[in-house]
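Number of protein chains: 2
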Amino acid sequence: MGSAFLVSHGLRPDVELTTLHLGPPSAPKAVRMRSQELKHLNPDERSSAMLLEKALATPTTGPVWQTSTPGVQVARLGLADLLDGPVVVLREDGDDVAKATLPPGALYVLGDHLGFTPDEDERLSARTVARVSLGPVSLQADQCLTVLHNHLDRRRA
Amino acid sequence: MGSAFLVSHGLRPDVELTTLHLGPPSAPKAVRMRSQELKHLNPDERSSAMLLEKALATPTTGPVWQTSTPGVQVARLGLADLLDGPVVVLREDGDDVAKATLPPGALYVLGDHLGFTPDEDERLSARTVARVSLGPVSLQADQCLTVLHNHLDRRRA
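Protein sequence lines, in the order shown, are assigned to chains H and X. Just so it is clear: in the first sequence, position 96 is 183 by this note's numbering, and no numbers are missing. Just so it is clear: in the second sequence, position 71 is 158 by this note's numbering, and no numbers are missing.
There could be a bad hint or two in this list.
Quick list of in silico lysine-lysine cross-link-like pairs, DSBU-like style, CA-CA up to 35 angstroms [stated by the list, open to error]:
{"hint": "1", "chain 1": "X", "residue 1": "Lys126", "chain 2": "H", "residue 2": "Lys141"}
{"hint": "2", "chain 1": "X", "residue 1": "Lys141", "chain 2": "X", "residue 2": "Lys116"}
{"hint": "3", "chain 1": "X", "residue 1": "Lys126", "chain 2": "X", "residue 2": "Lys141"}
{"hint": "4", "chain 1": "H", "residue 1": "Lys141", "chain 2": "X", "residue 2": "Lys141"}
{"hint": "5", "chain 1": "H", "residue 1": "Lys186", "chain 2": "X", "residue 2": "Lys186"}
Treat the hints as calculated values from the structure; they're not laboratory data.
I would like the entire structure built from these sequences, with the hints used as guidance.
In structure tokens:
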């Protein structure tokens with residue numbers, strides 16, 4: 088999670104990360120973090136875990152974002168509720184991210200090690216404008232975010 | 088440190104990472120890790136810290152590598168002792184890693200936030216074949232290793 092936000096001396100501007108939590112006891116829960124307001128995120132794993140833990144422990148009355156700590160909000164929302172605008176799906180069999188056409192303002196979607204369900208796949212497909220691969224080696228999720236940022240940074244430079 | 092070795096389902100083959108510890112009480116100390124023999128390295132920071140702690144606590148009788156845990160060795164060696172073969176220095180003002188000429192078997196050198204001393208710079212320069220930048224944004228050290236691997240993976244693919 089830290090890899091979405093942290094750079095050498097602070098936080099990246101304008102990053103929004105939403106994690107989707109689909110396990111018991113109260114799925115679905117979405118946790119949204121925005122770098123502009125984010126506080127208490129340090130490079131150690133423990134600070135990321137604390138922010139997430141506090142968010143998931145915050146009572147959610149439904150599909151309304153509740154702030155748990157500065158820059159962190161939680162709501163009872165699933166994948167379908169979160170899709171809005173163009174989607175770029177990260178997939179190992181996708182086109183090379185270094186060469187793909189990527190629209191501005193896209194939502195980048197990264198699955199977990201189980202992949203997407205058929206229902207999730209269908210909902211994603213309806214909005215997907217690109218399926219991209221980050222490279223020839225399968226990485227851990229946090230490494231994926233670091234590599235994705237590098238390739239997006241290169242486009243902006 | 089984990090980012091040098093870990094990928095989605097295990098360890099990268101053929102990675103060798105040496106960290107140089109120049110603080111008191113017994114500088115210089117070099118800790119060398121080799122993925123082929125490495126054990127007990129998990130994705131959590133704590134496992135990396137434990138391996139490093141054990142290595143630094145292992146008595147070193149001089150410039151001879153002592154094994155602290157499988158795949159991890161420690162010796163009383165400084166930068167000059169570790170340089171051998173071509174060196175590629177990671178620098179923010181270097182050439183783009185995606186386009187630079189990189190010799191096989193090079194040692195990639197990443198400084199800390201203080202940079203190199205004039206003496207270190209001189210020793211490095213004598214062996215440096217390329218100075219490369221990873222991208223337009225300054226990253227944390229572990230992120231640098233992830234991005235460097237991505238660009239090297241792309242060359243090998």
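Consistency of the hints with the structure:
1. Lys126/X <-> Lys141/H: holds (33 angstroms)
2. Lys141/X <-> Lys116/X: Holds, at roughly 13 angstroms.
3. Lys126/X <-> Lys141/X: Cα-Cα ~13 angstroms, so holds.
4. Lys141/H <-> Lys141/X: Holds. Lysine 141/H to lysine 141/X sits at ~33 angstroms (cutoff 35 angstroms).
5. Lys186/H <-> Lys186/X: holds (14 angstroms)
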